[in-house]
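**Q** Spelled out, the chains give:
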Amino acid sequence: MKFVQLRVVGACMALCLLHHPVMAQDSGYEIGLGKSVNDWLTLGGYFSTEYEKSSAVQQLQLDDVAVMAYGEFSNRFSYLLELESVNAYVADLERDTRSSNFPPTIERLYFDYKGSDHLSVRAGKQITPVGYWNQQPINVLRETSSNPRFSKEMVPKFLTGIDVHGFAPLGEDLTYHVYLQNSRDMDESNINIKPESHYGFALAKQYGNGWRIGGSAGRFKEAIGSASGTRTATRYWQLNSRFDNQHYSLIAEGIVNTESAVGAGRARSKAVYVQGEYRYRPRHSLISRLEYFHDTGVAVPERIGILGYSFRPVFPVSLKLEYQWHQESSNNRFVSSFSVLF
Amino acid sequence: MRIVLLLLSIALVSVAEAAEYAVVVARNSPIEALDSERLRDIFLRRRSFEGGIPLVPINLLGEEAVRTQFESLVLQMDRGQINQYWVTSHFQGIKPPATQASLQSIKTFIERVDGAIGYLPISMVDDGLKVLHEF
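Those protein sequences? They're chains H and U, same order as listed. All the letters of the first sequence, read from the start, carry residue numbers 1110 to 1451 under my numbering. All the letters of the second sequence, read from the start, carry residue numbers 2 to 136 under my numbering.
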């Protein structure tokens, strides 16, 4: 059975490499840029496979399979639709079990209106415009296979609502987002937090030397458990900074959450990560990340260190290896992935 | 003699640094000038308007000198960085600017399409076009 799974992964890799991903051609199809049918319709998608091995877990999975369609109705109106199967196929090699989950869910569905460079509106299900990691959520665009823990636990990844955004009138390179959700998510199948309401703002400033800083703050409410009427309200404050040049990139994000529930007092979580990437040769890079995560409800804060390697024959095709060291050594693991944006 | 040599070298440097290419719009466009930062935002599709006018940036197909010079001097990116940028933008539902196959078709496109903006050798600029930026 293991051979069958490996053959599936191998076939996917061969298919992508046979596609001969070469330099940009401005006509026809090019991997990573989708297939443009006309102004109204560009088709694309992505997938990722992942292998994970720790003392307790050994699994191979076809993690994400997604298709996207987007286009422009005019120079002011556009849309995007993304359907995704999460954990499409999982083979637990430790317990010798298999599971699949192919029915796709709505990952994103939104419409954009550009009033001006200072005022645009996005309505529908979209990625919450907080920080860096949250806005590049797919494996192929990330530097590592794994996500920092805070990105999964502290802010709703998705927003079903409205985001007003643009360049701030105050500064040429200052951008803003003001976002609001006042309903349940459009499709709650594969979201990390299921808020009933969520609002916040984000600011980012770009400097000419490759440096960027930003921050955001917001509040969301979610129902907990099956008991009706039990809700928590969480406030968050987030800061981020990123520096890029030809050979290096450095990213840091930090976030503090304060969660309150009727009769349950307050709980605070804080998390920070710093990640560096060194592109030592074209297509090859080394990545290191240090994470700290502390939930006051848990006595011991968690510290995670990651060392990884990334190979991209072309940017939209990514092969990654990483080893994670956890404070609790039984959680140490090896993770590898192969992902493609097409 | 030294003065002659000095003047000669200044003249040579001036010739060497003279701009060969220009970013242009149609003569009747209300846009008068744009700096390279604003042009970078427009051709990377971070900005879509200038003075309330929707812009239509246009690229030359392939890797002709005018395009590589534009990418290097105005966008300040090499082709690898540009590819990476557009792959990331594809996930966000943003396409690169449309392309035209020749310099002449870029010129015609700019003259005929409202809001069109592109780059050409200065030698091709005539009364139908307005120069916004030289590089």
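FYI, nobody ran anything at the bench for these hints, they're computed from the structure. Don't be surprised by glycine CBs; every beta carbon is placed ideally from N, CA and C. Be aware that a few hints might be false.
[Said to hold, decoys possible] Capping the alpha-carbon separation at 27 Å, the derived lysine-lysine pairs in DSSO-like fashion look like this:
1. K1162(H) x K1261(H)
2. K1303(H) x K1266(H)
3. K1223(H) x K1162(H)
4. K1314(H) x K131(U)
5. K1266(H) x K1330(H)
6. K1314(H) x K108(U)
7. K1303(H) x K1379(H)
8. K1266(H) x K96(U)
9. K1144(H) x K131(U)
[Claimed, not checked] A few chain U positions that, by computed beta-carbon distances, are all more than 10 Å from chain H:
10. E38
11. R48
12. P55
13. V57
14. G81
15. N84
16. Q85
17. V88
18. K96
19. Q105
20. L130
21. V132
**Q** Evaluate each hint against the coordinates.
**A** To see whether the hints hold, each was checked on the structure:
For the hint pairing K1162(H) with K1261(H), the CA-to-CA distance comes to about 20 Å; that is within 27 Å, so the pair holds. Straight-line distance between C-alpha atoms of K1303(H) and K1266(H) comes to about 9 Å, which keeps the hinted pair within the 27 Å bound. At most 27 Å may separate the alpha-carbon atoms for a hinted pair to count; K1223(H) and K1162(H) exceed this at roughly 46 Å. Using a Cα cut-off of 27 Å, the hinted pair K1314(H) and K131(U) is violated, with the two alpha carbons roughly 32 Å apart.
Among the hinted pairs, K1266(H) with K1330(H) is consistent with the structure: their alpha-carbon atoms are about 14 Å apart, no more than 27 Å. Note on K1314(H) and K108(U): the hinted pairing is violated, with a Cα-Cα distance of about 36 Å set against a maximum of 27 Å. At roughly 20 Å between alpha-carbon atoms, K1303(H) and K1379(H) fall within 27 Å of each other, so this suggested pair holds. For the hint pairing K1266(H) with K96(U), the CA-to-CA distance comes to about 24 Å; that is within 27 Å, so the pair holds.
Among the hinted pairs, K1144(H) with K131(U) is inconsistent with the structure: their alpha-carbon atoms are about 34 Å apart, more than 27 Å. The Cβ of E38(U) does not lie farther than 10 Å from every Cβ of chain H; its closest approach is about 7 Å, which violates its non-interface assignment. Distance check for R48(U) against chain H: the nearest CB is about 5 Å away, which does not clear 10 Å, and the non-interface claim fails. With a cut of 10 Å on Cβ distances, P55(U) falls inside the contact zone with chain H, its closest approach being about 4 Å.
With a least CB separation of 7 Å from chain H, V57(U) falls inside the 10 Å interface cut-off, contrary to its annotation. The non-interface label for G81(U) is inconsistent with chain H: the shortest C-beta to C-beta separation is roughly 8 Å, within 10 Å. Its beta-carbon lying about 5 Å from the closest one in chain H, N84(U) breaks the requirement of being farther than 10 Å from that chain. Under the 10 Å C-beta cut-off, the non-interface status given to Q85(U) relative to chain H is violated; the minimum distance is some 5 Å.
The Cβ of V88(U) sits about 4 Å from the closest Cβ of chain H, inside the 10 Å cut-off, so the non-interface label is violated. Not every CB of chain H lies more than 10 Å from the CB of K96(U), the least distance being 6 Å, so the non-interface label is violated. At the 10 Å boundary, the C-beta of Q105(U) stays outside the reach of chain H, the nearest C-beta of that chain being 17 Å off. Residue-level check passed: L130(U) sits 21 Å from the nearest beta carbon of chain H, beyond 10 Å.
A cut-off of 10 Å between C-beta atoms confirms that V132(U) is not in contact with chain H; the least separation is 22 Å.
Taken one by one, the earlier hints fail for this structure at numbers 3, 4, 6, 9, 10, 11, 12, 13, 14, 15, 16, 17 and 18, listed in ascending order.
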